[in-house]
Amino acid sequence: MKGKQLLALLLAAVMMLGILAGCGGSGNETPAPASTPDSSSEGGEATNDISGKSIILISSARSYDGMDDAYQAACKQFYDETGCEVTTQFNGNFTELIQTFQAAKISGATYDMSSLGSGNLHQAVAKSGMVMDITPLAQQLKGRIVEGGIEQHTIDGHTFGIPFSGVSTMGFFVNRTMLDELGLDLQNGYTYDELKAVADAVKAAKGFTAVVHCGADWWWWPSWFFTTFAQETHNDSINQIEEWLKGNRSMEQEDAINAFNDILKFFQDGIMDADSLQYDGTSVAALFAQQKCLGFFASATNIKNVGDVDFDVDYLTYPVMVEGAIAQSSGGADEGINILTLGDPANVAASAKFIEFMTRPEVNGPIMQLSGNFGYAVKGVDGVESQISDEAFELYTDNTIMYLDWFWAAEHNDAVVKAIQGLVAQEIDGAEAAKRVQDNWQQTVDENDYSYEWWNSDSWSWDAVAMPYEVDLGL
Amino acid sequence: MSAKSKAPKSPLMRESIGDMLFPYLMIVPAFLLFMVFTIYPFAFGFYVSFHKWDGLTAMKWLGLRNYINVVTDPEFWAAMKHTVIYALCVTIVKNIIAVILALFLARDHLPGRTLFRTATYLPVTLSYVVIGVLWKWIFNPTFGLLNPFMRAIGLGNYIVGWLSDERIALYSVIFVDIWKWIGFHMVMYLAGLTSISKDYYEAAAIDGASGWQRFRHITVPQLNSTIFTNILMSMSGAFTANYAIVNMMTGGGPNGSTEVAATLIVKTGLKYINLGKANAMTFVLFLFTFAMGMFQLKTISHDENYE
Numbered sequence: 002m003k004g005k006q007l008l009a010l011l012l013a014a015v016m017m018l019g020i021l022a023g024c025g026g027s028g029n030e031t032p033a034p035a036s037t038p039d040s041s042s043e044g045g046e047a048t049n050d051i052s053g054k055s056i057i058l059i060s061s062a063r064s065y066d067g068m069d070d071a072y073q074a075a076c077k078q079f080y081d082e083t084g085c086e087v088t089t090q091f092n093g094n095f096t097e098l099i100q101t102f103q104a105a106k107i108s109g110a111t112y113d114m115s116s117l118g119s120g121n122l123h124q125a126v127a128k129s130g131m132v133m134d135i136t137p138l139a140q141q142l143k144g145r146i147v148e149g150g151i152e153q154h155t156i157d158g159h160t161f162g163i164p165f166s167g168v169s170t171m172g173f174f175v176n177r178t179m180l181d182e183l184g185l186d187l188q189n190g191y192t193y194d195e196l197k198a199v200a201d202a203v204k205a206a207k208g209f210t211a212v213v214h215c216g217a218d219w220w221w222w223p224s225w226f227f228t229t230f231a232q233e234t235h236n237d238s239i240n241q242i243e244e245w246l247k248g249n250r251s252m253e254q255e256d257a258i259n260a261f262n263d264i265l266k267f268f269q270d271g272i273m274d275a276d277s278l279q280y281d282g283t284s285v286a287a288l289f290a291q292q293k294c295l296g297f298f299a300s301a302t303n304i305k306n307v308g309d310v311d312f313d314v315d316y317l318t319y320p321v322m323v324e325g326a327i328a329q330s331s332g333g334a335d336e337g338i339n340i341l342t343l344g345d346p347a348n349v350a351a352s353a354k355f356i357e358f359m360t361r362p363e364v365n366g367p368i369m370q371l372s373g374n375f376g377y378a379v380k381g382v383d384g385v386e387s388q389i390s391d392e393a394f395e396l397y398t399d400n401t402i403m404y405l406d407w408f409w410a411a412e413h414n415d416a417v418v419k420a421i422q423g424l425v426a427q428e429i430d431g432a433e434a435a436k437r438v439q440d441n442w443q444q445t446v447d448e449n450d451y452s453y454e455w456w457n458s459d460s461w462s463w464d465a466v467a468m469p470y471e472v473d474l475g476l
Numbered sequence: 463m464s465a466k467s468k469a470p471k472s473p474l475m476r477e478s479i480g481d482m483l484f485p486y487l488m489i490v491p492a493f494l495l496f497m498v499f500t501i502y503p504f505a506f507g508f509y510v511s512f513h514k515w516d517g518l519t520a521m522k523w524l525g526l527r528n529y530i531n532v533v534t535d536p537e538f539w540a541a542m543k544h545t546v547i548y549a550l551c552v553t554i555v556k557n558i559i560a561v562i563l564a565l566f567l568a569r570d571h572l573p574g575r576t577l578f579r580t581a582t583y584l585p586v587t588l589s590y591v592v593i594g595v596l597w598k599w600i601f602n603p604t605f606g607l608l609n610p611f612m613r614a615i616g617l618g619n620y621i622v623g624w625l626s627d628e629r630i631a632l633y634s635v636i637f638v639d640i641w642k643w644i645g646f647h648m649v650m651y652l653a654g655l656t657s658i659s660k661d662y663y664e665a666a667a668i669d670g671a672s673g674w675q676r677f678r679h680i681t682v683p684q685l686n687s688t689i690f691t692n693i694l695m696s697m698s699g700a701f702t703a704n705y706a707i708v709n710m711m712t713g714g715g716p717n718g719s720t721e722v723a724a725t726l727i728v729k730t731g732l733k734y735i736n737l738g739k740a741n742a743m744t745f746v747l748f749l750f751t752f753a754m755g756m757f758q759l760k761t762i763s764h765d766e767n768y769e
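Protein sequences, first through last, are from chains A and B. Just so we're aligned: 411 in the working numbering is position 410 of the first sequence, and the numbers increase by one with no gaps anywhere. Just so we're aligned: 533 in the working numbering is position 71 of the second sequence, and the numbers increase by one with no gaps anywhere.
Hints in this document: simulated from the structure, not taken from any laboratory. Yeah, the Cβ is synthetic: ideal placement off N, Cα and C, and Gly gets one too.
So these bits of chain A aren't anywhere near chain B, every CB distance computed over 12 Å:
no.: 1; residue: Ala75
no.: 2; residue: Asn240
no.: 3; residue: Glu243
no.: 4; residue: Gln269
no.: 5; residue: Leu476
Short, incomplete list of chain A residues facing chain B, as computed with Cβ under 10 Å:
no.: 6; residue: Leu278
no.: 7; residue: Gln444
no.: 8; residue: Thr445
Below, simulated EDC-like cross-link-like pairs (lysine to aspartate or glutamate); rule was C-alpha separation at most 16 Å, straight line:
no.: 9; chain 1: A; residue 1: Lys106; chain 2: A; residue 2: Asp345
no.: 10; chain 1: A; residue 1: Lys436; chain 2: B; residue 2: Glu537
no.: 11; chain 1: B; residue 1: Lys522; chain 2: A; residue 2: Asp459
no.: 12; chain 1: A; residue 1: Lys305; chain 2: A; residue 2: Asp66
no.: 13; chain 1: A; residue 1: Lys204; chain 2: A; residue 2: Asp270
no.: 14; chain 1: B; residue 1: Lys514; chain 2: A; residue 2: Asp447
Given the sequences, and given the hints that come with them, work out the whole structure.
Given below as structure tokens:
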């Protein structure tokens, strides 16, 4: 064969090897078996010394400026204290975390920890067996976490995550200055009729629709149902949703139909309009800051988007729509830190001690306060001062229940979103909305054998996700 | 010399074997890439479509259950309906406007030709993400450019919920897709037009043919291969490559009115973590697109016009 042909073949072979090498695995070690009796810690000596260990924490990309650097500083501090190296891998959106886990499972990558939202945990990750039951750790750390936080990462009495980030609640941002100028008033406990009167007055005086919503960010629509359903069930919504998911009741019952019709009323009465379907969080913040609306319903974290405004802002509850009911908001301590069953069992002690480290207020605060939130899951980490932080914290502690979309599946959530969008467009009524959601639940049961209490199935074993050995955090 | 010893091969024979093997060896890298990134995922996806799998736990054999679930799912057929509407509108409008623009630009001594061609082609170079964000803001009811412009020219009564009205939203997205790709198809038609010999037109003019007759009997037949290619690309792209634009602009809403097959497949696979059903949907879409392509091949492509 001629020289040039040989050279061409050689180059082709090199190219091929390079490409295939790039497609290769992560190079991580094959994970050890889930249970390693030799690393059990009788007496605890085997778990106290984590120096020389190296662990990996994966999660979605951090959303706030400086947070990556703050995590790195904390990891360095942990290394200085224990000799254990922590590597963080923050990539993609929070909705893409499950894909990260899928890729890890297929490729055999060994990640030791993750930080997961409670929704992801409940909907998919817990029942996949990829996160460890860390109930023993939760019992040791419970005193560091705000009331109810650990329970939001607990399924059937087994805790999968320790909340360590911000807390959230939903409420009504209102331009108090505009209300005062127009001689109007709204205070917590206000009724729907009072809101309608205010909205009508604002429309007459200013020419714009009083209330807007970031409807283009479709994930916020179900929050309307969370609050109206809470009132229509006389503040028993969580129990009723669990019964629905178990198949013990229908969504087409009067309370749910009324809850959907309560949402429809906002649009029929002109308090809101269908333009909200096109507004995202940025649009809504701009409308509010430019005083082109009276207010908007959103998570308290949106105060950061609103920025510094030259008018007074209040943060109120949803209106009371059912006599005798409390206008509950939805929220919770969303992001929790978890130990993965994907990792090396010998690293569990190191992961546990890192979780303890990250729940110290003096470590947690400098990282989490960069989000500018009104409150945090770790006690002793103060909320960032803003016009609404005190009101939001009071709303969170006194009047907030867990988001319902942390219970139901992603399919159910989308059905609720679409049903509400149909109500917004006034194309359907509450009965049709309830029927669509019920039909969707039935479809998930028929097609996917959906079961809310998946942990009761024959294929599930709590032992398979148990911690391989005890870890004494020395608290 | 022993009778059993083999006669040495001639230099000519040794060189022939090497020359025969050489081209096959040269395509091995490309073939490997094709196998790894196209054939294997295709085959694995087909395999997964017969299973229940979430990508996290073990696969469970379901047989044809996923395919039955797909063909009996009203949401899937609604998405397919939107996809067909999308494909037809995009294909027809894009190609008609592209031909008209190409005919315009093909004229001799047209001032500003390069500027116009560049401006028309510019959106092709932008990603769907950029385009989606851009047009989402243009359509914004309060801060967008479109509504104030319409009011300024006296068309304020025709303002609608461009992305919030279920009856309009899909066509708004279609409009953006057409806007993005017009330049690409125009350039292809322009290339085709410039390759048609002027002798045909001169002969037709001598015979007294009108402009429309020249277009119908000379331009269209001579452009047949270009038309076929453009329509095939428009159709197949509209069936499969509309995920980004729909996801950026509407997310499939409002109320599922802009949900197309691609967004539903991605949602089913990655959000609902139902990889089996998602792959089954993909193969149903593949069969549909394949059938459309074969239909076009049989009906639009005419070899005799290439002469």
